[in-house]
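Engineer: Next come the chains, spelled out residue by residue.
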Amino acid sequence: MEAKTTYRGFTNPWPHRRFVVQAIRGEIKRQFARSTLGALWLILHPLARAVIFALVFSEILLARLPGVPSPYAYTIYLMAGMAGWGLFSDVLTRSVTIFIEYAAMLKKAPISHLCIPAIGCGGALFSHVVLLVAMALVTSLLGSVPGLAWLALIPAAAVLLLLGFGIGLILGVFNVFKRDVAQLIGIVLQLWFWLTPIVYVSDIIPKKYQWIAEFNPIWPVIRVYQDAMVYGTYPQLETLAVPLALGVALSLAALLLLRRASSDMIDSL
Amino acid sequence: MTEPTLRVEGLAKRYATYRSEVLRFATWFGLPAKPHKEFWALQDVSFTLERGHSLGIIGANGAGKSSLLKAIAGTIQPTRGRVEAHGLTAAVLELGLTFDPELTGSENVELYAHLLGMEPAQIRELEPAIRAFAEIGDAFDEPMRTYSTGMLARVAFAVATARRPDLLIVDEVLSVGDGYFQNKSFNRILEFRAAGTSIVFVSHGIEGVAAICDSAIWLDGGKVAMVGPASEVCDAYRAAIEVAKASAAAIAQV
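These protein sequence lines map, in sequence, to chains A and B.
Under our numbering, the first sequence has 128 at position 128, and the numbering climbs by one with no breaks.
Adding 269 to a residue's 1-based position in the second sequence gives its number in our numbering.
Extracted from the complex, chain B is given alone in its bound form (with noise of 0.2 Å):
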């Protein structure tokens, strides 16, 4: 088992407008019809992740993390190159979000616990320990609309992690969460790479990256900028921001 759990060979994302909607439609019937615009959210993006290794993705807002980690995830199809990955995969991504707001907490664990395949009688076993996990006491069993974003990532990240799998996609969702369950997430994704699972996190906080990745990708531009070790990286990527910092300063200052 020497097969990496993820391998992405020269991912490509291109997001096209057309002069008419009607153009697009025709690209389906494999007619021809030139974009009026393009936007390459991704170009030639290429990694391995090893099985227990822990990649982190760094960049600026637009820089196509997200698009990396839906693309990874499944939700969204490359324009060009592959995504293969080996086992099962779970993905936190802002996955509060789509939580059916008058379900109860228990009702949406189920409804998420079936959309990541789980059968009925694994579900009613890991319940309990989803609920404690999250630890959002008596409001498990009200309405979703009552809860507060906090506690909709408690519980995301709670049924999402409730299995081990051998993939984790974890996106910026942990960063809602308060500084105790951060640090009770971040350890359970610590013991997950030690049982054996890769990590793929994203982050704004360079912070998190750096503690619990081994290396990291900082994407410019939908382009790998730089990937290496995760403190090599993020050295390199802070620098970058204090340049940044500085001409935004001279320039504010003239």
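Just chain A, with the same shape it has in the complex (with noise of 0.2 Å):
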């Protein structure tokens, strides 16, 4: 018999669209409901991060930015390498532990799951968003400008976007049944935001381990992030294609496993 159904799992979201635009302003306000600075923690946190890096860094261990005359050029480089990661790993992040969060709301309302992740994506990117235009502020005080060069950040965030979508979605859903996805993938992050250069930079690799930033997808998205506020190059955005095709690539897959998997997701939930 064919299977007609009234089930709304797996179907187009963009009915929802405004919905997830409301979700996404109630997950900002709760994050920072009842705390006096509210927003500005979304800035705090990653600058604070890439400020004690700097001071470690540049002024224990003497770390200089090869080829920069600028004091400041390391804590920018490192404040463009961590902006660029931080929004990979918070999609990603997010996304893996997003549909146990609104297990709730999944189970009640006929909503398609495809809504779900997006709402996870749309509060990273406004962090991200409100993080650049105070990074933008910050290296302008330290004497360099914004150039053009910046709106190269735009088509390298899509590509994080979408890397970080595509793992993050197809770890989710099996985070859904195994929980030890999300302990584990806390730990795997942490390797890969020190084996991307990033603290570092990548002429400091010795020869022979090379190949792993070589073969490491975020890394030509992070080397735009970082040409583009560290040195103000345009960067060669061709260097985007292999992460770009592999993001879709993923995405893709994450979608037609979600299809696959999210009549059993919501039984487990």
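Incorrect hints may appear among the rest.
Computed, partial: chain B to chain A, Cβ under 7 Å [stated by the list, open to error]:
{"hint": "1", "residue": "281"}
{"hint": "2", "residue": "284"}
{"hint": "3", "residue": "346"}
{"hint": "4", "residue": "355"}
{"hint": "5", "residue": "356"}
{"hint": "6", "residue": "362"}
{"hint": "7", "residue": "380"}
{"hint": "8", "residue": "383"}
{"hint": "9", "residue": "384"}
{"hint": "10", "residue": "406"}
{"hint": "11", "residue": "441"}
Read the hints as simulated data drawn from the structure, not as lab findings.
Ideal Cβ placement from N, Cα and C applies to all residues, glycine included.
Build the complex from these two chains, which are given one at a time in their own frames, with help from the hints.
Structural biologist: Here you go:
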């Protein structure tokens, strides 16, 4: 018998777009409800992290960015890499746990499951944009006014979003059934962070380990951030081709997986 | 327009557990994997609901009432069978529990109105009526974490029934409201029915079902134990409860 049902789990999310926007607003509001500094925390966390790293590495370990005379160059380099990485890891970690966070709603409201990761991505993207605006101010104060090269951040952010969404959604589906996935991904992301030239420059990687950086799909995208913010150079956008293709492929794979798994997922939440 | 609002045919819902979740993952890709345990929450449930009629679903805890409601509302996918609903469906499935506690009543209403597919202009138009129906005063503009369960239910019912749907699904949600609000909600349900809305109503309270439903289904262990006019099904169910009570008392005396 042809199965015809009212099941809404894997349907077009477009009719629910306004709900997604409102839910993102709710997420942002909830994050800062009852805090005095409110949305300022969005900026303070990543900036503080970059400043701490900068202090430790440039003042204590005397790291300097080769070829750039400004003493602040390393700080900006750190902030650039961390901003890019932050978007990727935020989208990824949110996507891994978001179905569990919205379990109550998924079980009771007939809603396309595709809306739920969209809420996570939207929230992460909002934080990222706020951070970039703050960084434009900070870098201006440090003597390097943002140029047109910053426009390259738009495609770069899109690629990071796709990669984080694809990987996060695949893992997020499995995480509903095996909660170890979310725990494990925390460790994997730390390792991945240190394998990406964010805190150090790629030149210092020994020859025999260069292939790790070459293989890392995040690295070319992070480099776009660093090129634009530190060197003000137009990045070679063709380096984004491979990460973009990978991001699209992973996102499509994630949607196919969600389609197969969505019914089981609701039953297990 | 003789098409029934709701048609359920051979509906079955299976919950499966596997020895390892890896086996479950394998089934997604078409690989054969036998479940370790199967639980059939619903088996071979069929009925139709005509326009403007109301159907009550009764049965003990775990009889499959919630699964049936979720399958009709579209939040779970049936394992077998079909569910066809025509027109606008609104479900009040313990909706209150999914409100965002940090958002105000008004903001949550907006969130849910979007979820129900309303346009912004329509929401602005309906908001005063929703606020008036919920009757919770200034609390409507306070974060929902300050609400009592009854207040949540009031807002949930008010927003879900702001527009007259073609099919209204009502869960136990009304049982948490006070007598006054329950009465008011019943009246709205009856008004909707008179205007042509079909209603699916689930309750432990047989009186509610007997009062507002034309027909009823008695679910037992996921199967339809009886279906027919509401008064007859409720009487039979009530009798079965008395028998169960008597035998429990007899066992207690032994």
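Engineer: Would you mind marking each hint as holding or not holding in the structure?
Structural biologist: Against the structure, the hints come out as follows:
Nearest Cβ of chain A to the Cβ of residue 281 (chain B): about 11 Å, over the 7 Å cut. The hint is violated. Residue-level restraint check for residue 284 (chain B) holds (minimum Cβ-Cβ distance to chain A is 6 Å; threshold 7 Å). Checking residue 346 (chain B) against chain A: minimum C-beta separation of about 4 Å stays under 7 Å; hint holds. Annotation: interface hint on residue 355 (chain B) violated; nearest CB of chain A at approximately 10 Å, more than 7 Å.
Annotation: interface hint on residue 356 (chain B) violated; nearest CB of chain A at approximately 11 Å, more than 7 Å. Against a cut-off of 7 Å between C-beta atoms, the interface hint on residue 362 (chain B) holds, since the closest Cβ of chain A lies about 5 Å away. Restraint check, residue 380 (chain B) versus chain A: the minimum CB separation of about 5 Å is within 7 Å; hint holds. With 7 Å as the threshold, the beta carbon of residue 383 (chain B) comes within range of chain A, its nearest partner Cβ sitting at about 4 Å, so the hint holds.
The interface hint given for residue 384 (chain B) holds, since its Cβ lies 5 Å from the closest Cβ of chain A, which is under the 7 Å cut-off. Because the beta carbon of residue 406 (chain B) sits about 22 Å from the nearest beta carbon in chain A, more than 7 Å, this interface hint is broken. Because the beta carbon of residue 441 (chain B) sits about 12 Å from the nearest beta carbon in chain A, more than 7 Å, this interface hint is broken.
Of the numbered hints stated above, those contradicted by the structure are hints 1, 4, 5, 10 and 11, listed in ascending order.
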